[in-house]
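Keeping their order, the protein sequence lines are chains A and B.
Going by full-length UniProt numbering, the letters in the first sequence line up with residues 1 to 492, in that order.
Going by full-length UniProt numbering, the letters in the second sequence line up with residues 1 to 492, in that order.
Hints are not guaranteed to be accurate.
Where chains are identical, the list cannot tell them apart; a pair therefore holds if satisfied intra-copy or between any two copies.
Calculated cross-link-like contacts (lysine-lysine; reagent style DSS-like; alpha-carbon spacing at most 27 Å) [to be verified]:
(1) Lys291 x Lys218
(2) Lys47 x Lys227
(3) Lys223 x Lys26
(4) Lys67 x Lys120
(5) Lys163 x Lys227
(6) Lys47 x Lys324
(7) Lys52 x Lys218
(8) Lys162 x Lys218
(9) Lys299 x Lys318
(10) Lys483 x Lys218
(11) Lys162 x Lys227
(12) Lys280 x Lys362
None of these hints come from the bench; they were simulated from the model.
Number of protein chains: 2
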Amino acid sequence: MASSNNSGETVQALNGGSADLGNGKKQIFLNAFDMSTIGHLSPGQWKNPADKSATKRTLNYWIELAKLLEKGGFNALFLADTYGGYDTYEQSLDNCIRRAAQWPMTDPTIPITAMAAVTKNLSFAITASTSFEPPFLLAKRFSSLDHFTQGQFGWNIVTSWKKAAFKAIGLENPIEHDERYHQADEYLRVLYKLWEGSWAEDAISPDPANDSYADPDKIRTIKHQGKYYTLDSRHIVDPSPQRTPFLFQAGTSSAGSEFAATHAEGIFVSSHSPTVLKPKIEKIRELAAAKGRDPRSVKFFGTYTPILGRTEEEAQAKYEELKKYASTIGGLVLVSGWTGIDLSKVPLDQELTAADSVEQHKVRSMLDAFTTTSEHVPKWTPRVIAEKAAIGGLGPVGIGSAKTVADDMVRWIQEADLDGFNIGYVTTPGTFEDVVELLIPELRRRGIYPDLPKGDEQRTARERVYGEGQRRLREDHPGSVYKYDRYQEDAP
Amino acid sequence: MASSNNSGETVQALNGGSADLGNGKKQIFLNAFDMSTIGHLSPGQWKNPADKSATKRTLNYWIELAKLLEKGGFNALFLADTYGGYDTYEQSLDNCIRRAAQWPMTDPTIPITAMAAVTKNLSFAITASTSFEPPFLLAKRFSSLDHFTQGQFGWNIVTSWKKAAFKAIGLENPIEHDERYHQADEYLRVLYKLWEGSWAEDAISPDPANDSYADPDKIRTIKHQGKYYTLDSRHIVDPSPQRTPFLFQAGTSSAGSEFAATHAEGIFVSSHSPTVLKPKIEKIRELAAAKGRDPRSVKFFGTYTPILGRTEEEAQAKYEELKKYASTIGGLVLVSGWTGIDLSKVPLDQELTAADSVEQHKVRSMLDAFTTTSEHVPKWTPRVIAEKAAIGGLGPVGIGSAKTVADDMVRWIQEADLDGFNIGYVTTPGTFEDVVELLIPELRRRGIYPDLPKGDEQRTARERVYGEGQRRLREDHPGSVYKYDRYQEDAP
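Sequences and hints are given; from them, build the entire structure.
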């Protein structure tokens, strides 16, 4: 799986100095991708003595991780979350539990302030669903997170699809897919009203002589009466540094793309092939442009799992070692969940073809995601797919020296038009340490990675992406129509 | 307001050594009572240059507070919370906002891990409502908090009554009072099922040779179908040190007392007079006994605000200084909210009597709460009440040297049958520092306050109250019937 430099344009970026990654992009954003659970994208590594993912229930794990990421100059720590396990494989949660494939799971909001207390220039983005709680509760919690992290907070908006999650919440059936996105759109608009539209910038104006701390006339009561939500309240938290947290979204379905093109500032994508991603990214940028947004202000982050060594051989040896601990069934559990195909129904070594299946569309989409141009697999069987997915999930795995992996990442950026990566880990600690010690220095030598902040410099999550001063939503973001001074009482 | 030592029994406790506070109680529990807002129980002090409550949106405030409380040997930091402001006074939120009377407000769960990371023997208890979110969400969040605090987490269960909160959540009308408690009772039972009944103690049994981390057969799927809630899920978090957090409750209404006697391990009470509290506490202990619980295992914490000096004169001078900053209207806002009486309808200096009012019951109850035996107020007007409430809220204020205040607290314990106090602050920093430097050493000299833990000693929140080893619910607590080994599928 070591990457090949098969793009002529890459050479420029390799020579160091002020490289141009194409489309005006000069620098790569790296997020560390983790989850408050055991087998995140590489199930089975808990058996590896080097791996400490079973210690994620302690603060020490998170504090040490945050310090490492800040030391290396990561953009953000992104923490996925879910309310249910993967129960597509065998229509049961049993193997999800047994293989610790993203189960059990703690709440990612909880360790954030312990990490924020020891860092200054690292963002924290978490996944949260629009399907399960009233918007006011989330608005209050996230404003608090943005205050306490001093503007380092981001939100990965999901609408949730797992049956298990809906049963845990007490809803009989998942809301239908497209309907969920309509609901999510209204949810976001309620949040913009609270975050952007409720408080004037100068609502807090302490005036001790008049026993007056804040001016109620400058804090608007939001009256929202929509299809899904009703609310009649001021926002209970004064404006945090970013007001609206930096907004991420994942998913490239039709309804998902429309939603992402409207609301997302950062978009997570996963595929084994940049050529599969390229048209999806292009389409979302076009949709964003059609909505009046600068298409380049939508930043795309591809999942990418590096296995780094000081030499090619060292990296390859690491990969061979890691494979020993990978859980094939854990991989089947995750892929079945992600694709909606119960892979237990197909013999482990029988080739999967779209034509054979009653679920042609799903199988084709899965095979597309796994197929790369540089690799020739004789036949895609559940076993081959599971073993591939058990190291790095649905994203590519780059194996090699820092130079080789950097070349591969540059190729991805150029071929798929990415802006950065969500770096998955195989073991923790392990992968992120290697990125900090080997990969980031290589990217910096090429002039395509930000320097560490100087002295007291502290930027918010949004400033780190859009530049100093851009703490609040960009003017071309649809949330901006809800900003206090231009708020329309009859806005949707 | 300096207290008098009017109880003969107090003398024993004053002489140091192994004092007996009565009813077998040997030691006082002190919680620090705070809220992630500006004017908590003493509105207006934000104008006092000594007060830094407007910095509560930063982690530094909470980290310094937690360190101080641990240094002093406080039992817990208790953080109140709400989803709405006080809008009874003038039927509007305007003066609540203007006087910063518990508004705005951040989420108390957020700064907890930043505090837990710098402490070891301090509990964190927060208020959360049973009325606004599905139990599964709260179960996951609180299990996470109990894991990350290493068993230092407590929950003050509330059912919520503020109209403003229901309007923010999107519910047209508050649920009727008694109905709320029925709903809360079912909510708790769903939580016990998840926390106590879902996971066997040995469900996690890593077996690398068989690629097996946890045994799905030892993790029960909870199937709950009740009047208010439906759930069909395993708990998504493995057992935390306490499983069920230490349970607090406030409120001495009829439905509230029934609920508290069933579920609460700690109960918060507020009154200006121990003789008003005594029968209420007695009644709840009787109710608890009737349910098969040891009545002494229910611990009562009275709100108490000390104003301490090295001498009586110094304390009195502090009090006079603090009064300068107290907000009378802020006091009216809070008392109107707490009592349900809109005090704006009564002229500021007109005497309030129960007979005059259309709300006789509410007014009598309010006057009862304010009336003390040791103090003679010529007439209870809104102004007198507001000025009293603007320092220390509905609880007593003890002014004097450590000796005087300690005497007063001992008297309260003996007269009302309390187990400890929720210490309110007037300024922060200020009040809690004085408690650590002056009051706690005095209580320790009398042998009625726990020593600091030795060396590596670390107890959970529940162990600190019930003794070493009692990390889980006591056997006589009704949540214990849901424990894994004795779980009945048809339990309510």
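Hints, one by one, checked against the model:
| no. | hint | result |
| --- | --- | --- |
| 1 | Lys291 x Lys218 | neither (30 Å within a copy, 52 Å between copies) |
| 2 | Lys47 x Lys227 | neither (49 Å within a copy, 44 Å between copies) |
| 3 | Lys223 x Lys26 | neither (44 Å within a copy, 54 Å between copies) |
| 4 | Lys67 x Lys120 | both (10 Å within a copy, 21 Å between copies) |
| 5 | Lys163 x Lys227 | both (23 Å within a copy, 22 Å between copies) |
| 6 | Lys47 x Lys324 | within (9 Å within a copy, 64 Å between copies) |
| 7 | Lys52 x Lys218 | between (50 Å within a copy, 24 Å between copies) |
| 8 | Lys162 x Lys218 | between (42 Å within a copy, 23 Å between copies) |
| 9 | Lys299 x Lys318 | neither (32 Å within a copy, 57 Å between copies) |
| 10 | Lys483 x Lys218 | within (13 Å within a copy, 52 Å between copies) |
| 11 | Lys162 x Lys227 | both (23 Å within a copy, 25 Å between copies) |
| 12 | Lys280 x Lys362 | within (17 Å within a copy, 64 Å between copies) |
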